[in-house]
Every structure is written in C-alpha cells, then in structure tokens.
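Engineer: Using the sequences and the accompanying hints, generate a full structural model.
FYI, in the working numbering the residues of the sequence shown are 5 to 530.
Hints listed in this document are in silico derivations from the structure and should not be mistaken for laboratory results.
Note that the Cβ used here is the ideal one computed from N, Cα and C, for glycine as well.
Careful, some of the hints might be misleading.
Claimed, not checked - Per label pair, the in silico range of CB-to-CB distance:
1. Lys299 <-> Asn372: 45 to 55 Å
2. Glu297 <-> Ala154: 33 to 43 Å
3. Ala154 <-> Thr311: 43 to 53 Å
4. Lys63 <-> Glu419: 24 to 34 Å
Stated by the list, open to error - Taking lysine-lysine and the PhoX-like style, the derived pairs with C-alpha atoms no more than 20 Å apart in a straight line are:
5. Lys467 <-> Lys416
6. Lys505 <-> Lys454
7. Lys520 <-> Lys510
8. Lys523 <-> Lys464
9. Lys510 <-> Lys523
10. Lys510 <-> Lys454
11. Lys464 <-> Lys430
12. Lys464 <-> Lys502
13. Lys416 <-> Lys502
14. Lys497 <-> Lys430
15. Lys523 <-> Lys502
16. Lys467 <-> Lys497
17. Lys523 <-> Lys467
18. Lys505 <-> Lys520
19. Lys497 <-> Lys464
20. Lys351 <-> Lys416
21. Lys430 <-> Lys523
22. Lys351 <-> Lys497
23. Lys430 <-> Lys520
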Amino acid sequence: MDIEFALSRTHLPIASLYRHAHEIPDSLALVDDVRTLTYAEFLDRVRIAAARLASAGVKEGDRVALVGGNSALYPIAIYATNYLGAIIVPVNFRLAAGEIGFILGNCEPTVVVADAERAQVTEAALADLVGTPGVFTPMLLGLDALAAPAGASSADAEAPAGGTDHLGIPDPAVPPLEADQAIMYTSGTTGRPKGAVLSYSNFLSTTMRSSASWGYVPGRDAVLVASPMFHIAAFNVMTTNIANGAKCVITPSSGFDAGHLLDIMAEHGVTRTFMVPAQWQLIADEQARNPREVKLEFWSWGAAPATEALLTQMSETFPGSNSQAAFGQTETTASGVSLSHEDSFRKLGSVGLPDRNYSIRVVDSQMNDVPVGEVGEIVYRCPGVMSRYWNNEAATAEAFAGGWFHSGDLVKQDEEGFLYVVDRVKDMIISGGENIYCAELENVIAWHPKVAEVAVVGRKDPKWGEVPVAMIVPHADDDAPTLEEIRAFCDGKLARYKLPKDLVVKDAFPRSGTGKIQKTVLRTEV
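Structural biologist: Here is the structure:
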C-alpha cells in the first residue's frame with residue numbers, strides 16, 4: 005500500500021503504524037519475554053493477521069473478541085481488527101466461562117481470538133452459546149496462529165485453516181472518527197458488566213492528551229506495560245506508546261514480581277510506566293534493597309490514593325523523575341482528571357484537575373451544582389466520553405440523564421478546583437440516616453503506622469441499618485492493630501458516628517485484574 009495514502013487516508017492507529025514502519029522500521033515496537041518485533045515487522049504481522057480475520061469473515065463494523073494475557077501478540081490482534089474497521093472487544097481473561105459467555109452473547113462477535121492458556125475456558129464459554137435461541141456461534145481462532153508471520157513454521161505457529169499466504173492483504177478501512185473502535189466491558193461490580201462503546205475520536209482525544217502529559221519523546225521512549233491490556237488504562241498506554249513510536253515493553257499480566265519488573269526496566273531502559281500505589285510501594289522497597297540502573301523519567305498512578313510517605317520515597321528512589329495521578333474510568337476512555345507532579349504534595353489526597361478538553365460538574369441528585377467543599381457526583385462532557393453502552397439502552401439512558409455522563413463517583417472540590425474523591429455512590433454507607441463515605445474513612449486509617457492497606461465496607465445492622473467495618477492488612481503479621489487502636493487513631497479526625505464498629509485483619513485483599521480491591525468480595529466476609 006502506498007505510504008502517502010496510508011498517512012493521509014487511514015485512521016490514527018493504522019496511520020501511525022505505517023508512518024513508523026516507513027520512518028523508523030528497525031526501531032523496536034513490541035517486546036515481551038520471548039519475542040521482539042520492530043515497527044516494520046509489527047506492521048507486516050498486523051496486515052497478515054488482518055487478512056486472516058477477513059478470511060474468517062470479519063468485515064467493517066463486526067466485533068472481534070480477544071481473550072488473552074499480555075504478550076507482544078495482543079496488540080497485533082487489536083490493530084489487525086481495527087485495520088479492517090472492525091471493533092475490538094478485549095475480554096477479562098480472569099473471568100469464568102459463564103461470565104465470558106455473557107459478554108460474547110452481548111456483543112455477538114464474528115470471531116473470538118484466544119491465547120493457548122485461555123483456549124479451554126473460551127471454548128467452554130462458546131459451548132454455552134451453542135443452541136441458545138437468537139445467539140449465533142462465532143469462529144474461534146488461536147492468538148498464536150492469528151499473529152504468526154506468513155509461512156510460519158511449526159516452531160512458531162501454523163496459520164488458521166484456509167491459510168493466508170495466497171490471500172491478497174486488503175487495504176485498511178477508512179472509518180469516520182465517530183465510528184466504534186472498541187467495546188470495553190466494565191467490571192460489573194453492581195451487576196452484569198456493561199460494554200462501553202469507545203470511538204476512534206475517543207481514543208484520539210486520549211492519545212493527544214496522554215502524549216502531552218506523559219512527555220513522550222517520539223521514537224525514543226521505552227514504556228513498560230505491566231497491567232492487563234484488557235483494561236482501559238493499559239490499553240491506552242499501549243496505543244499511545246505506538247502512536248509515539250515508543251518501545252512497548254510488555255510483561256505477563258498474572259502475578260506481580262517487583263524484582264523482575266525492575267530487572268526488565270533496567271534491561272530495556274524503561275522511561276515511563278503506570279502502576280497502582282501498592283505496586284509502586286513494592287517497587288520502591290525492592291529498589292532500596294537491590295538497586296538497579298533504572299532510567300525512569302515519568303511514573304503514573306491511579307485506582308487508589310498515594311500517601312505522602314510513598315510520594316517522598318518515590319522521589320528519593322527515582323530522583324528527577326516526574327509523576328502524575330490519573331483518575332477516570334472506562335467510560336471516559338481512562339483518565340478524565342489528573343494531578344500533576346508539582347501539585348502532588350501541595351494537594352495531597354486530591355486526584356487533581358479536569359484534563360484538557362474535559363468539562364466536569366459536581367452535582368446533587370437533581371443535577372444542581374453543589375457549593376464548593378460539599379459532596380456531589382462528578383459528571384462529564386468531553387471528547388473522551390463513550391457514546392453508549394453496547395446493546396443496553398436502559399443503562400445508557402441512566403448514565404446520560406440530564407445530558408451529562410454520570411460517573412458514580414462522589415467528590416468534593418476546593419476553592420482552586422481540585423477534586424477529592426469521597427466515595428462511589430454505591431459504596432456509600434447510610435448509618436442511622438447519616439452518610440458515611442468509605443473512602444474518607446480509608447484515607448484516615450491508611451495513615452496508622454501498623455496499617456499497610458485498608459478497605460472499609462458496610463455491614464447490615466438491625467439498629468443503624470448499616471455500620472462501617474474496617475478490613476486491614478497489617479505491616480507485620482504479629483503486630484496488627486486492634487479495633488480500639490484504630491478508633492482512637494480516627495477519633496478527632498472524623499465524626500464519631502463514622503468510626504468503624506468492627507475490625508477484620510487479613511493477609512491480603514482480593515483484587516481485580518487492574519489491582520483494585522474487590523469490595524464485592526469483602527462485603528460477603530462481614
């Protein structure tokens with residue numbers, strides 16, 4: 005395909021691939037534990053995979069579901085799908101067969117792609133769809149086979165049935181910016197997961213914003229992708245890396261080994277990455293025990309607040325590095341609010357200010373703006389907000405009631421406009437008619453010297469309706485705090501009705517694929 009045509013006519017993901025394959029063909033694009041691909045090789049694999057998908061019946065507007073862990077093959081499947089103008093549907097690989105089956109039944113993909121490790125659970129999910137009235141059964145392709153080079157040997161992967169070498173590779177599709185690029189399913193903490201439909205325009209907005217705020221130097225940076233790529237945060241990091249001609253250093257998405265990650269960061273000269281605060285704490289502690297030559301220039305965090313102690317330790321561990329807190333959700337194409345490095349200590353506990361091109365309001369249940377300092381729900385209008393939930397008109401109407409997207413996040417805003425997360429609407433505890441915000445209580449308990457991690461959940465109570473229960477992971481197994489110690493520590497910092505009525509000590513918290521504490525699980529334990 006003519007390079008000038010590719011750069012002038014195709015959408016950003018594919019145009020950027022053509023540009024980098026033309027201008028920096030030998031620069032590394034994708035690196036994982038077993039393979040490396042240059043930008044020229046990346047584009048070649050994408051075009052071949054697109055031909056294989058087309059041979060399997062995929063056309064513009066169709067869905068392609070992807071069930072797999074992090075690897076250099078994962079982006080090939082994503083870009084091959086979008087090459088055809090089809091819609092990629094990344095699926096949480098940790099889900100059970102029935103949960104995967106629900107997503108497949110909802111989005112009705114033409115093809116499902118699964119890696120070898122998830123082939124069995126994906127086959128079980130597809131088996132559940134067989135014979136279901138009104139639901140068709142998609143074709144299943146192996147990720148190794150789909151992403152293999154032309155004429156792959158048995159040592160690499162065999163091509164899918166029908167082959168590809170004899171096929172003409174199609175020109176990339178040219179969908180409009182408002183066309184659907186991906187369906188990203190939410191975690192389903194309040195019921196069945198919902199598919200947020202994100203357009204090329206949504207991702208373009210996020211790529212432009214992230215490129216600026218992360219300070220990319222096109223063609224020079226190496227960026228670690230350590231979080232699962234089915235999640236919007238890692239998905240955006242990966243696509244923004246590629247748009248900037250960076251080297252994507254992709255690590256397995258199961259387990260977390262700070263030492264291994266630091267070794268990888270040193271080996272590949274990683275300059276930028278995103279992790280949650282609990283992971284950054286492990287990274288900083290491991291680097292103190294066994295220093296590596298790490299060139300980290302920028303680090304980002306989200307999903308939980310970072311303490312002053314962690315921010316200080318990170319500044320000392322990676323001197324001269326810049327940082328940013330990110331706050332958002334799948335429906336806003338990841339971050340919609342961020343906290344700069346300069347403000348991280350001055351506005352400790354804040355998630356920051358609205359990102360460029362993001363309009364926000366803090367409103368009550370009647371869509372009235374609340375006064376500064378009072379709690380309300382943050383609502384959004386911006387180019388990053390999804391168009392709708394896939395095949396779910398009722399949820400879409402509820403989410404956009406009043407013409408703004410309702411995030412479900414309760415926040416407070418100070419005089420300078422900085423936002424502080426108070427809680428999720430559905431996590432709020434109503435005790436004796438009073439609102440208790442779990443996040444507010446967690447932020448205080450987190451400062452107790454014996455507490456490593458904390459989560460607060462509500463428990464049914466015959467007298468008060470609900471009462472708060474603090475669940476903690478202690479710093480030392482033999483020195484866990486008592487309920488009395490926690491209550492005494494919080495007394496004077498919070499109203500007494502907000503203090504926890506019980507304490508549960510745990511070895512570790514159950515976590516989602518993105519590292520968030522799963523409160524739905526914890527509520528069953530109190």
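Engineer: Now tell me, hint by hint, if it's right for this structure.
Structural biologist: Verification of the hints:
| no. | hint | verdict |
| --- | --- | --- |
| 1 | Lys299 <-> Asn372: 45 to 55 Å | holds, 49 Å |
| 2 | Glu297 <-> Ala154: 33 to 43 Å | holds, 39 Å |
| 3 | Ala154 <-> Thr311: 43 to 53 Å | holds, 52 Å |
| 4 | Lys63 <-> Glu419: 24 to 34 Å | violated, 54 Å |
| 5 | Lys467 <-> Lys416 | violated, 30 Å |
| 6 | Lys505 <-> Lys454 | holds, 18 Å |
| 7 | Lys520 <-> Lys510 | holds, 16 Å |
| 8 | Lys523 <-> Lys464 | holds, 15 Å |
| 9 | Lys510 <-> Lys523 | holds, 13 Å |
| 10 | Lys510 <-> Lys454 | holds, 13 Å |
| 11 | Lys464 <-> Lys430 | holds, 15 Å |
| 12 | Lys464 <-> Lys502 | holds, 15 Å |
| 13 | Lys416 <-> Lys502 | holds, 18 Å |
| 14 | Lys497 <-> Lys430 | violated, 24 Å |
| 15 | Lys523 <-> Lys502 | holds, 18 Å |
| 16 | Lys467 <-> Lys497 | violated, 25 Å |
| 17 | Lys523 <-> Lys467 | violated, 23 Å |
| 18 | Lys505 <-> Lys520 | violated, 24 Å |
| 19 | Lys497 <-> Lys464 | violated, 25 Å |
| 20 | Lys351 <-> Lys416 | holds, 13 Å |
| 21 | Lys430 <-> Lys523 | holds, 11 Å |
| 22 | Lys351 <-> Lys497 | holds, 18 Å |
| 23 | Lys430 <-> Lys520 | holds, 16 Å |
This entry does not satisfy hints 4, 5, 14, 16, 17, 18, 19, going by the numbered hints stated previously.
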